[in-house]
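**Student:** From first to last, the protein sequence lines stand for chains A and B. Residues 93 to 394 in our numbering are what the first sequence spells out, letter by letter. Residues 220 to 786 in our numbering are what the second sequence spells out, letter by letter.
Just so you know, these hints were derived from the structure itself, not from any lab. Quick reminder that beta carbons are idealized off the backbone N, C-alpha and C, glycines included. Some hints could be false.
Which stretches of chain A does chain B cover? Using the computed rule of at least three CB atoms under 8 Å from a CB of chain B, they are [claimed, not checked]: (1) 112-126; (2) 328-339.
From the derived model, a few chain A residues whose C-beta atoms are all more than 12 Å from chain B [what the hints assert, rightly or not]: (3) Ile107; (4) Lys195; (5) Gly229; (6) Ile268; (7) Phe320.
Here are the chains, one letter per residue:
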Amino acid sequence: MSNFNIIAKTKYAYIFSGILTILSVLALFVWGLKFGIDFTGGTLMEFKFEKNVPANQEIENTLKNLNLKSLTLQQTGSGSVLIRYASEDDKINQEVIKEISEKYADAKNLRTDYANASVSSELKSKSLLAIFWAVIGIMTYIAIVFRRVSYPVASWKYGAGAVIALIHDILITVGIFSVLGHFFDIEVGIPFIAALLTILGFSVHDTIVVYDRTRENLQRSSSGKGHFPEVVNRSLNETLIRSINTSFTVIMTLIAIYIFGGDSIKYFALALLIGVTFGTYSSIFIASALLVTSYNLQIKKK
Amino acid sequence: MSIGKKLRLKFIAVIIFAVLVGLIAYPKAVIKIPKLFNVLNKPKINLGLDLQGGIHLEYKADVSQIDNSKVAEAMQAVQDVIERRVNAFGVAEPVVYTTKSGGEQRLVVELAGIKDINQAKNLISATPLLEFKTEKTDVGQQIPQDVLDKTNKENKAKAQSLLDQIKNGADFATLAKENSQDPGSKDNGGDLGFVKKGAFVPEFDKVLFDGNLKNGEVYPDLVETQFGWHIIKKIEQRGSGDNLEVHSAHILISKATQPAPKTTWVSTGLSGKNLKSASVQFKTQGLSEPEVGLKFDDAGTKLFADITKNNIGKRVAIFLDGSIVTAPTVQSEVSNGEAVITGNYTLNEAKNLVKRLNEGALPVPISLVGQQSVEATLGQSSLEKSLKAGVIGLVLVIIFMLFYYRFLGLIASFALLIYSALMISIFKLSGFTPWQITLTLPGIAGFVLSIGMAVDANILIFERTKEEIRKGRNILSAIEEGFKRAWTSIRDGNVSSIITAFILMEMGTGFVKGFAVTLIIGVLMSMFTAVVITRTILRFILGSWIENKLWLVGVKKDDDSEISKKR
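Modelling step: build the complete structure from the supplied sequences, incorporating the hints.
**Tutor:** What follows is the structure, encoded as structure tokens:
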């Protein structure tokens, strides 16, 4: 069994997490997120060219007459080109397909995603609502599960601690994608929201395992053996290998998806990868530390 | 029953279960026994559009013109019509359903494995719009008679002056070019070519054929017809008798007339939505011209009776897709709710029209608001790539487990393989239940991710077991303790994953749903395999033989010495 004094390092963990969270919020304010068409409305098409892939400039000229708004072209490197533009009506999509297939006989429309503005704005609000409900649901669940453990810290504080830790994970993941969006044009769509919600579940899962051990150790030592910070620290150590191993297996599968899973789910896997890594970190260094901090404040008040 | 016997039965059940799900998941294993293979190979995973190629279309229905209480009914009708249309072009298992989203009525159409996506889209939205319209004649603004007379007097005088000029030797062709108001002939110098008797209006004919004109002679008087005043020149003639043809030229000065009354068609409110059925029928028995018979519903019958009653002697037109097909004159009131379209159809045309009419017109207009289409080859490559990722992920996890937990890891890996086979079996067998699972690309991602999470329960148990061993328990009781103590953590952790997965599912969009469904099933099934199956196998296999082989469970020798110290 490992025996690290994790709780003693709380100060550094708080500073590290604080800086990362602030940077993430800053990135969000300055650059925002680069939303995909599921959220902005518009069209994304992928064309595969059997022979030569035409240069972006050439395709741009082909589509010039259609006056597409905010047109961007992106070469995928595997013989296909992504075409994005703002669209309000499906007619324009038909025209784009027509223009391209008339000009290039070898062009094949691999996929088309089109979302009308009404669809996208609705998705946006739905996504935010989903995250909101997930947080509420998890907080309630933890409060119920830990309701019997109200000594020495109130059971709702377990819920609050887990939620602060997962908000931390979410914020940092979103912040990193803000940077990725700004510098590498990586877009954020529905898959990203799904990833965030999964991170929520996973991060809490990890935190719960530690809390669970804390609960068990508290009940066992109710006779007064051990003092709360020590009990928490022991619980952390007892679950450390498990937390790391579990995350390690999940991270291995995610890396497999990221590398081999194809373009469509690459960034979905990346978001999960970032979130799961920080989720593991926060359940070890933040979630339990928060319980201790609140306990210490309680003592001071007395 | 003794505990040992019970355990043996349980173990045999696990083995049978493992073989069963293994075979369903991978029937190729018994390809040498064709009978068994054929049975096992029947259930197939229902692949999503993103994996087999296809199109997902989302339409918004405009129900603003419809009474609130009738919206549900109208949407059902839209769904029925689109279903019929979609069925007409023979896609395997098309999916059509209506949803409500943010106060909007939506219709979703999903077609798998379709080759020409654009053609499919056109077929869906091509509405055979059937309308009945009545005739309305619009006389327009009348020109006062005296104005008309005055204009015509001037016109006639102009014609007369042209005739005078010709008589004085002016060139006929030049004057025709400059003055003729017959757009068809003026540029040829008024030349009308050779014609037989009867080709022109009688007044004109009379001059050409009975006027005794010589070749090249101009008729000395103006000839008045319904068109205006003509100056006629006979150029030559050929043939004789019935074959007599005259080559002539003319200059026309038009006559001003009252504007012709315009016929416009007015909607009657009777349309395709009142149609009960359409059928091909024949005018008389036997091989005559095919017609399309229409039968109206009750409201349509009443409307049609009113229309025919009020329009006896007038025409009622049948419009299809905005163009007139036929406009018969109403002879009498038709109260039996039947009408006929006669339109010089061939049998095939009539059949097609009937098919389209029966497919029906949409009661409310729809417009496309969202589309996701994936070409089949892209779907195929996504499938291959994600499966490859899955296999690699599985292998990595197994290697890790074997390395870290040794013998326990081996059992856990076995459980993990059973888990994977079980998941694939569930995907396949769900097709026989009302809750068929469609496996999408995110679904596979969820599945692969769940492999990583599935071993979590085992890791929790094994870590706990190691801990108990270090505390001084023997391996067997430590394992029992590990299962017991780890259970609350496993349960609590998984419940939180399930909560978020359910919320994901409620979001309802394709990507998220596919992911959430496999994640939920994965979490539940992995609890079963990691806890029940691993435990049964371990209990059965482990015995006193393992007692002093701590390395088999991944506890090191120096941990061993620690144990004795604690003791």
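**Student:** Compare the structure with each hint and give your call.
**Tutor:** Going down the list of hints, with the structure as the test:
{"no.": "1", "hint": "112-126", "in the structure": "violated (count 0)"}
{"no.": "2", "hint": "328-339", "in the structure": "holds (count 6)"}
{"no.": "3", "hint": "Ile107", "in the structure": "holds (28 Å)"}
{"no.": "4", "hint": "Lys195", "in the structure": "holds (16 Å)"}
{"no.": "5", "hint": "Gly229", "in the structure": "violated (5 Å)"}
{"no.": "6", "hint": "Ile268", "in the structure": "holds (19 Å)"}
{"no.": "7", "hint": "Phe320", "in the structure": "holds (20 Å)"}
Hint compliance for this structure: hints 1 and 5 are not met, and every other hint is.
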